[in-house]
Amino acid sequence: DTGVSQNPRHKITKRGQNVTFRCDPISEHNRLYWYRQTLGQGPEFLTYFQNEAQLEKSRLLSDRFSAERPKGSFSTLEIQRTEQGDSAMYLCASSLVSAGPQETQYFGPGTRLLVL
Amino acid sequence: AQSVAQPEDQVNVAEGNPLTVKCTYSVSGNPYLFWYVQYPNRGLQFLLKYITGDNLVKGSYGFEAEFNKSQTSFHLKKPSALVSDSALYFCAVRASSAGNNRKLIWGLGTSLAVNP
Numbered sequence: 001d002t003g004v005s006q007n008p009r010h011k012i013t014k015r016g017q018n019v020t021f022r023c024d025p026i027s028e029h030n031r032l033y034w035y036r037q038t039l040g041q042g043p044e045f046l047t048y049f050q051n052e053a054q055l056e057k058s059r060l061l062s063d064r065f066s067a068e069r070p071k072g073s074f075s076t077l078e079i080q081r082t083e084q085g086d087s088a089m090y091l092c093a094s095s096l097v098s099a100g101p102q103e104t105q106y107f108g109p110g111t112r113l114l115v116l
Numbered sequence: 001a002q003s004v005a006q007p008e009d010q011v012n013v014a015e016g017n018p019l020t021v022k023c024t025y026s027v028s029g030n031p032y033l034f035w036y037v038q039y040p041n042r043g044l045q046f047l048l049k050y051i052t053g054d055n056l057v058k059g060s061y062g063f064e065a066e067f068n069k070s071q072t073s074f075h076l077k078k079p080s081a082l083v084s085d086s087a088l089y090f091c092a093v094r095a096s097s098a099g100n101n102r103k104l105i106w107g108l109g110t111s112l113a114v115n116p
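Protein chains in written order, with the numbering used here: chain A, 1 to 116; chain B, 1 to 116.
Hints are not guaranteed to be accurate.
[What the hints assert, rightly or not] Some chain A residues flagged as far from chain B (calculated, every beta-carbon gap over 12 Å):
{"#": "1", "residue": "I12"}
{"#": "2", "residue": "T13"}
{"#": "3", "residue": "T20"}
{"#": "4", "residue": "Q41"}
{"#": "5", "residue": "E44"}
{"#": "6", "residue": "E78"}
[To be verified] Computed, partial: chain A to chain B, Cβ under 7 Å:
{"#": "7", "residue": "P43"}
{"#": "8", "residue": "F65"}
{"#": "9", "residue": "G72"}
{"#": "10", "residue": "F74"}
{"#": "11", "residue": "G85"}
{"#": "12", "residue": "A88"}
{"#": "13", "residue": "L91"}
{"#": "14", "residue": "A99"}
{"#": "15", "residue": "Q102"}
{"#": "16", "residue": "E103"}
{"#": "17", "residue": "T104"}
{"#": "18", "residue": "G110"}
By construction, these hints were calculated from the structure, which means they are not laboratory data. Here a beta-carbon is modelled for each residue, glycine too, at the ideal position from N, C-alpha and C.
Please take these sequences and the hints and turn them into a complete structure.
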């Protein structure tokens, strides 16, 4: 399968614990996006990378959230000291920047986080 | 400000009947428009996009969408609905003048229920 993959698919954690999610993009894609989605809402932009550079981070993203893409391939999203409000689906998408403004983002299956 | 509106939270249609899921947008400049579908507990799947040219765009699974510049709309259509089309549908837009900022602006989604 050459699509975007995310691990784990589900995560249950206790409030205050740290969690880390991984995203593997489509292999030739140089852009990688993280979104958060809660029930009944559209995807909410968190951050994105071009190769290993983090180009933008949402103002909604608190200091407890950090993302990396150290070698320009896979990316990790870490949430420290989780809160119940962090419960959501975390979506990763990748794209090819050379496509220009018409680039299409391709999504992974998501990681569903439940903070108890 | 850029925005996307999906005026219907839910659309119900009988199997075999045509379906329409509505989307209107507001951007400065020319829009790039996208439709995605999301099945329960899954990520978003790309259906189709409008870049330029023919106002009728054909996509995956028999879906098509019609771009109407004067009405700033991009409604998703299918001539004959299937029960398996039941899912959440998202419309998204990006301005052609977006430059290096390729973030998509998302609608809140429309839940489509196809009844047997």
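Structure-based check of all given hints:
no., hint, verdict
1, I12, "holds (14 Å)"
2, T13, "holds (18 Å)"
3, T20, "holds (19 Å)"
4, Q41, "violated (6 Å)"
5, E44, "violated (8 Å)"
6, E78, "holds (20 Å)"
7, P43, "holds (5 Å)"
8, F65, "violated (17 Å)"
9, G72, "violated (17 Å)"
10, F74, "violated (16 Å)"
11, G85, "violated (19 Å)"
12, A88, "violated (13 Å)"
13, L91, "holds (6 Å)"
14, A99, "violated (9 Å)"
15, Q102, "holds (5 Å)"
16, E103, "holds (6 Å)"
17, T104, "holds (6 Å)"
18, G110, "holds (5 Å)"
When each numbered hint is compared with the structure, violations occur for hints 4, 5, 8, 9, 10, 11, 12, 14.
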